Every structure is written in structure tokens, then in C-alpha cells.
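Undergrad: Take a look at the letters that make up each chain.
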Amino acid sequence: MALVEARGLTKVFRRPDKAPGLKGALRQLVVRRFTEKVAVDHVDLAIDAGEAVAYVGPNGAGKSTTVKLLSGILVPTAGEVRVGGVEPHRDRIANAHRIGVLFGQRTQLWWDLPVADSLDVLRDMYGIDRATYTRRLKRFDEVLELGEILPSLGRRLSLGQRMRADLAAALIHGPEVVYLDEPTIGLDIAVKDRVRGFLRSLRDEGTTIMLTSHDLRDIEDVCRRLVIIDGGRIIFDGALTALKDEFARERILHVETAADVPLAAVQASLAGATVTAGDSPRRFSVRFNRFAMTAGQVVAALAGHAELVDFHVDEPSIEDVVRRVYSGELMAR
Amino acid sequence: MLRTIRLYLRLLGTHLRASLEYEADFWLMALGAAMTQVAGFVFIAAVFLRVPDINGWTFWTVALLFGMVGFSEGVINLFFEGMWWLADLKHNGELDYLLVRPYPVALQALSSQVGLNGLGNLLTGGALIVAGLVNTDIDWSPATAVVAVLLFLGAMAARVGIMLACNATTFWLEGPTSMFAFAVHQVGDLARYPLAIYPVVLKGLLGVVLPFAFVSFFPVSWLTGEGGTGWLGLLTPLVGVYCVVLAAWVFRRGLTRYESAGN
Numbered sequence: 001m002a003l004v005e006a007r008g009l010t011k012v013f014r015r016p017d018k019a020p021g022l023k024g025a026l027r028q029l030v031v032r033r034f035t036e037k038v039a040v041d042h043v044d045l046a047i048d049a050g051e052a053v054a055y056v057g058p059n060g061a062g063k064s065t066t067v068k069l070l071s072g073i074l075v076p077t078a079g080e081v082r083v084g085g086v087e088p089h090r091d092r093i094a095n096a097h098r099i100g101v102l103f104g105q106r107t108q109l110w111w112d113l114p115v116a117d118s119l120d121v122l123r124d125m126y127g128i129d130r131a132t133y134t135r136r137l138k139r140f141d142e143v144l145e146l147g148e149i150l151p152s153l154g155r156r157l158s159l160g161q162r163m164r165a166d167l168a169a170a171l172i173h174g175p176e177v178v179y180l181d182e183p184t185i186g187l188d189i190a191v192k193d194r195v196r197g198f199l200r201s202l203r204d205e206g207t208t209i210m211l212t213s214h215d216l217r218d219i220e221d222v223c224r225r226l227v228i229i230d231g232g233r234i235i236f237d238g239a240l241t242a243l244k245d246e247f248a249r250e251r252i253l254h255v256e257t258a259a260d261v262p263l264a265a266v267q268a269s270l271a272g273a274t275v276t277a278g279d280s281p282r283r284f285s286v287r288f289n290r291f292a293m294t295a296g297q298v299v300a301a302l303a304g305h306a307e308l309v310d311f312h313v314d315e316p317s318i319e320d321v322v323r324r325v326y327s328g329e330l331m332a333r
Numbered sequence: 001m002l003r004t005i006r007l008y009l010r011l012l013g014t015h016l017r018a019s020l021e022y023e024a025d026f027w028l029m030a031l032g033a034a035m036t037q038v039a040g041f042v043f044i045a046a047v048f049l050r051v052p053d054i055n056g057w058t059f060w061t062v063a064l065l066f067g068m069v070g071f072s073e074g075v076i077n078l079f080f081e082g083m084w085w086l087a088d089l090k091h092n093g094e095l096d097y098l099l100v101r102p103y104p105v106a107l108q109a110l111s112s113q114v115g116l117n118g119l120g121n122l123l124t125g126g127a128l129i130v131a132g133l134v135n136t137d138i139d140w141s142p143a144t145a146v147v148a149v150l151l152f153l154g155a156m157a158a159r160v161g162i163m164l165a166c167n168a169t170t171f172w173l174e175g176p177t178s179m180f181a182f183a184v185h186q187v188g189d190l191a192r193y194p195l196a197i198y199p200v201v202l203k204g205l206l207g208v209v210l211p212f213a214f215v216s217f218f219p220v221s222w223l224t225g226e227g228g229t230g231w232l233g234l235l236t237p238l239v240g241v242y243c244v245v246l247a248a249w250v251f252r253r254g255l256t257r258y259e260s261a262g263n
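Heads up: the protein sequence lines correspond to chains A and B, in order.
Counting along the first sequence from 1, when you hit position 290 you're at 290 in our numbering, and nothing is skipped either side.
Counting along the second sequence from 1, when you hit position 40 you're at 40 in our numbering, and nothing is skipped either side.
Next comes chain A alone, as it looks inside the complex (with noise of 0.2 Å):
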């Protein structure tokens, strides 16, 4: 059985109907309307232990509904969650045990305590050992650096101290899943860096990873499953590469001649393909479906014109792919 399984999983929120202005709020004192918003429909979803998985969508799509349904913050309107065979909204404090959340846009930090009073608090929240506790500080300081922002007041950290102490926070009881909902947001490249580093490690240590981010890098670096929600349902389940193989069927081959080459003799010469000029005569960009030719018969038609001088071959980002696959043009599943 998977370690985190979700059957069914729907939620609803009823939100009350209200007009613009004070007569609408007037009317809804009297008459109560709602309109029903299903965030989260019917989503099936395993993850077995040890794997790391990105949740990715557009704004709104449900991501962070299905991390707090997961997570036993919001309670299911229809279908189950089970988490190691418990359900994380009955029992509570053994899930808690059992999890670690980390919510970018907000700290779990004490306000008016330092980082390392913050942490101490969780210390004795979950009953960790000092050694254990020393232990674990002491790793997250190496990948955190998280020595010179443990005196800081929580007020007084930056979003980038915040976000690493925050980490360490909800890391700090050695969870076996780790649900991390935009880790990186707001932070800067250097940041960036070291929390996806950090990330890796994790994964390479066998945590179950969640993550959402709308930071593609951030799920290329640590997650080879990918999640694609959009409007409350999972338009796509599989590998990061399937869905590379699936939609990034294109291919484009930039190459550069020795001699002047006409266009219209390029094009015919590779039929199926899209020959477009470059900023020189000597420069063309060719588009075509790798699985309908390989860039070798490309490279070899070309260079039956001309002495090819340079090449290169662009595949498209992950990144594009999954901007596609939100803008409808792509149609997964």
C-alpha cells in the first residue's frame, strides 16, 4: 500500500452569494444564497515511500486545498485520505508525528521569539531528544546555514532567513512526508539554490517529498513524478520525462552554413519540417517532430547543401510544456 493514498478526495467550500454594495448585504441577512466551489474533485493520488512528487497548476487550480486535505488541515467533504493507514483529520497528533508541513506564505515561527527558541519549542512539542535534536540542527545548519539566523527574532528575519528557519521548522521531527507548498516563493536565486539543495538531500535520504511551486526549476532539481491539477482534477499522472516524451514531440535545430543556401531549397529538401531563416542567410532553424525524423536526418539533409559550420538542437523546457498543458493547447490524458 502507498505511504500517502487519496481516494476520491473531494472538497467543497459554500461561499455566501452576496450582491456588490450595502443592498446586497441587506438581502443576504434575509435570504441566504451560497454558491457551492469545488476545489478539489474526485482526485486519486498514491505516493509510496521515498518519492518525491510536484504538484504543480495554474493560480486556483487546487494545489494548496489538497495539501491541507492531505495534510488533515481541512476536513473532506467527499472521499478519504490515509497517510501510513491513518487519516490525518481523526488522529491528529499521530499524524502530526508522522508529517512536516512548510507553507511559504506563512511562518510557523513565534513572532517575539528567536529562531532557536522557536525550534525549541517544537523540540518539546514533539518529544525529541536532545541529541537527536542537536544532530538534526547541526545538518540543517550545514545545508541552511542556519547558525546566524538563530539569535534573530522571528519578526526580524528576512523572507529568505524566514523561509530557512521556517524549514528547519517543520523538518525538525524528522517527518517520513514532507508536504512543501512554494518553498522557494520569493526567494532569491542564491536562496533558491541552497533550498532545492536541501531538498535533494532530503529526497536522496528517503523522505517522501510533496511539493508545489509554480518555480519549474524547483520541481525539475527534486521531483521525477509529476502532478498536473488544474480546475480541482489531475489532468496528468506520470513521470517528469513522459510528459516530456508525451507533448515535447518538437524539436528545433539551429544550424549555421558555411555558404549562402537558399531557403526554398532547404525546405525542400526536408519535407514534414519547418525551415525558417535566421538573422543571416547563412542561418536556419529547423522545426521538427523527433519522432517523424531523428536530428541526424536533419544534420544529413543540410548538410548536402552546404559545410555545416556550427549546430545545436533546442528542446523545450519543462517549463514550456507545462505552460501548454495549463493553456488548454495541450491536452493531457
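Don't read these hints as lab results, they were simulated from the structure.
Owing to the predicted nature of the structure, the values given are computational and were not obtained by experimental measurement.
Possibly wrong hints are sitting among the right ones.
Unchecked claim - Selected chain B positions facing chain A (Cβ under 7 Å, derived; list incomplete): (1) Thr14; (2) Ala18; (3) Tyr22; (4) Leu99; (5) Arg101; (6) Thr177.
Claimed, not checked - Stretch-level coverage of chain A by chain B, calculated; a stretch enters the list once three of its residues show a Cβ under 8 Å from a Cβ in chain B: (7) 72-82; (8) 108-120.
Here a beta-carbon is modelled for each residue, glycine too, at the ideal position from N, C-alpha and C.
Using the hints, position chain B against chain A.
TA: What follows is chain B alone, placed relative to chain A:
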């Protein structure tokens, strides 16, 4: 159990430290609370200058009622002030992290604030209780003392339970408002006066629906023999347990309705 209490005090302590940073606020709040208590008491003292007793309740037995209500208020301020912030915590989605920690959510929420005005309430309330006990004719025996302590604890639990239950109704409301709990809090102040002066409907309200009478009237009645309803006072510990259990139940039910914030 011990661990739960120790952790509770530690969580409170984290906020105490913050509150103490603002020294001037601290003294002002404590003083303000004490003044409110004293002002109420000056009023009733003025009444007793004109009448010798209210339905048999003498000045000092009424002082006991005032003391019990004031002290219970202080207990909430100092140790359970977080209940008044529950509506905010809910509205701003700040219960998220509390829900994924291995410690009861209600206790984390209750310990999330310290109201230093409670010190003023505890001191004035305590002073009134002591003065009331000293000036009232009570047959003290070891048994009486033990029962009195039990009634006192029950009375405090009843007040905390009622107010927590009312604050937890915020889970059924949309806005970040504690208005309902605040209204009930005002009703609770009625327990400063002998129940006998109220019409039947209010007696029923204070005795059964929102049993504030068990915070002051019934236990004091048992101890002083005033009011002729002493036997009801012996139920105080049970009512206290009932209120706390009910509050915990309402809180748990409410928590399943929690919707967090944002996405």
C-alpha cells in the same frame, strides 16, 4: 497529563515574554482591569449604604459574588485569553500549523495570547473573596474547606468552559467576529448579583442555559448558607466538568468546519 500542562505553560510563557516587552502597556492594562472591578464594586457598596441586605444577601456575601466573577475573569485573561482570538485565528487561516502539530489544537489556540489585564482582575477578585470570607460567618471545618476548594475549581472551570464554547461558535460564522461570545460575556456579569433579584426567565438562563450562576451564586450560597439553594452549589464541580467537556466538543465539531484561508 503533566506533560500537557507543562507544555501549556511553556506556550503561554512564549507570549508572556513578548507581552512583558511593553512595560507601560502592562501596568496600564492591569490597572485598567482593576479599576473596572473596583468601579462595579463601589456601585454595589453605595447600594448597601441604603439597604441592609438584598434578599438576605449581606454586603460581604455579595462581595464574594463579585470576587468570584472577577477572579474567574482574571483566570481567563491570564491563562486562556487565546479564546478571544479564536475568531481571528480562524479568519486568517492561522490554525493551519496548529492542526499539524502533536498537541491539542484547542490548547494551542487558548495559549496563543496572554492578557496581562488579568493580573488586575485576579488581584481585585482575590481581595474581594478574602475580604468576603473574613467578614462572613462561616462554620469552617476541614471538610468545609475541601468542598470549598472543589467548588471554587468547579466555578472557574464552568466560566472557562462556557466562554470557550461560545467563542468556538465562530466556526459556524463567516466573519472574524467574537460578538456572540462578547454578548454572553456581558450576561456573565449578571452573576455578580444575587440570583433572587432576577425574573424567572433570567434565573433559568443563568442557572441552566448559560450556567453562570455556578460561577458565583450557587457555590457561595452553599458556603454561606445564604439564598436557601446551597444544595445546588454542591453540583458546581459537575457543572464545571460538564461545561469544559461541552466546550471541547463544540470546538472539535467547529474544527471540522475550518476552511483555512487563501490557496
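Undergrad: Could you run down the list of hints and mark each one as holding or not?
TA: Against the structure, the hints come out as follows:
Checking threonine 14 (chain B) against chain A: minimum C-beta separation of about 5 Å stays under 7 Å; hint holds. Hint status for alanine 18 (chain B) relative to chain A: holds, with the closest Cβ pair at about 3 Å, below 7 Å. Look at tyrosine 22 (chain B): its Cβ only gets to about 10 Å from chain A, farther than 7 Å, so that hint breaks. Contact between leucine 99 (chain B) and chain A, as hinted, is supported at the beta carbon level, the nearest pair being about 5 Å apart and thus within 7 Å.
For arginine 101 (chain B), the suggested interface contact is upheld, since its CB lies about 5 Å from the closest CB of chain A, less than 7 Å. A cut of 7 Å between beta carbons decides the hint on threonine 177 (chain B): the least distance to chain A is about 14 Å, and the hint is violated. Counting residues of the region 72-82 of chain A whose CB lies closer than 8 Å to any CB of chain B gives 4, so the stated coverage by that chain holds, three being the minimum. Residue count for the region 108-120 of chain A with a Cβ under 8 Å from a Cβ of chain B: 6. That meets the three needed, and the coverage hint holds.
Violation of the numbered hints given earlier is confined to hints 3, 6; the remaining hints are satisfied by the structure.
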